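*Asks:* So the sequences go chain by chain: U and X. Here the numbering used here is used: position 65 in the first sequence is 65, and no number is missing along the way. Here the numbering used here is used: position 23 in the second sequence is 23, and no number is missing along the way.
Be aware that a few hints might be false.
Stated by the list, open to error - Below 27 angstroms or equal to it, Euclidean Cα-Cα: the simulated DSSO-like pairs (lysine-lysine) are:
#1 U:21 - X:39
#2 U:75 - X:39
#3 X:104 - U:75
#4 X:39 - X:102
#5 U:21 - U:75
#6 X:104 - U:51
#7 X:104 - X:39
Don't read these hints as lab results, they were simulated from the structure. Please read these numbers as outputs of a predicted model, since none were measured by experiment.
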Amino acid sequence: MSIFIGLLILCLFLCLYRVGKGPTAPDRTVAIDIVGTLVVGFCAIYSIITKKDLYMNIGLSWALLSFIGTLALAKYLEGRGFDE
Amino acid sequence: MNETIGMTLLVVGITFDIVGCIGLVRLPDIYNRLQAATKCVTLGTALILLSVVFYTGFNAIGVKALLCIWFVLMTAPTGAHAIARAAHRSGIRLWDDSVMDKYKDDSEGSEDN
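Chain X on its own, in the form it takes in the complex:
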């Protein structure tokens, strides 16, 4: 039973990884690529690590996998947000068909950001 759940989670996680990497290749500009790749690959890797917990149970491998899930889910969105902010501040333009730029509208009023 545990192996069935683990195999299912593994297949779903690797599907998310592949979809995220295809998005990284196919989407038009940096911000679209960032949101596709980061969200899909973070969730996919977290599901692969959860399948490790179901395969091996609560021994040394399973507890370290749970800790690694926590690290991945905390650090990957932070890194992606830092990259998006750096890209916007270093002047990378949005895609031509983008309809709004809220960060630019908000940061026009104040001087120090």
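If we strip away everything but chain U, and leave its shape as in the complex, we get:
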């Protein structure tokens, strides 16, 4: 199982490269969105290793909060108010 954790950490570093390098703001937003989805995969693999449902609770709330954060960033990039 630890090799899968290592491969996911490799994916996270590829996303962090895009966060640092990305020429425009939406590039960085996409990379942060992908990091949020990868963390859900982390929580799934940890719940296989430890056999506890604590990590799946963290994954569920992380998926929803990452979605709300992505929508807020997209609205901010679009240059409109949050109530339109």
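Position chain X relative to chain U; hints supplied.
*Replies:* Only chain X this time, still in chain U's reference frame:
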């Protein structure tokens, strides 16, 4: 048997994740990166969560993993669509070798979008 299916799904899911992240690094502009990264990583994470269901069965972990699959498959395309729309409206240019821009053609006629 269940562990074999679970391990297979886990390997396939992590392969999709890695391919999506390589696409995020390698592709030329924001729209190409968005479609590669979002589709591959969403499917990869959904397969990892499905492998949790096969590993643990229908207890608290498995049912929460199924719920999490539903959340990921519903929310990730919505977020990606919002980012693409925001990028296009804030004036990010397409790659030079792109051949068509349907969203621009459709939105030229009407005023309010």
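*Asks:* Compare the distance between the alpha carbons of residue 75 (chain U) and residue 39 (chain X) with 27 angstroms, and conclude whether the hinted pair is satisfied.
*Replies:* Distance of about 21 angstroms is within 27 angstroms: holds.
*Asks:* Given the hint that residue 104 (chain X) pairs with residue 75 (chain U), does the C-alpha gap stay at or below 27 angstroms?
*Replies:* holds, 19 angstroms
*Asks:* Does residue 39 (chain X) pair with residue 102 (chain X) here, judged by a C-alpha cut-off of 27 angstroms?
*Replies:* At roughly 21 angstroms apart (the allowed maximum being 27 angstroms), residue 102 (chain X) and residue 39 (chain X) satisfy the hint.
*Asks:* Could you grab the alpha-carbon distance between residue 21 (chain U) and residue 75 (chain U) and see if it respects the 27 angstroms cut-off?
*Replies:* Holds, at roughly 22 angstroms.
*Asks:* Residue 21 (chain U) and residue 39 (chain X): Cα distance at most 27 angstroms?
*Replies:* holds, 22 angstroms
*Asks:* Under the criterion that the straight-line Cα-Cα distance not exceed 27 angstroms, is the pair residue 104 (chain X), residue 39 (chain X) satisfied?
*Replies:* holds, 23 angstroms
*Asks:* Would the hint linking residue 104 (chain X) and residue 51 (chain U) be met if the CA-CA limit is 27 angstroms?
*Replies:* violated, 50 angstroms
Comparing the model with each numbered hint stated earlier shows that hint 6 is the single one that does not hold.
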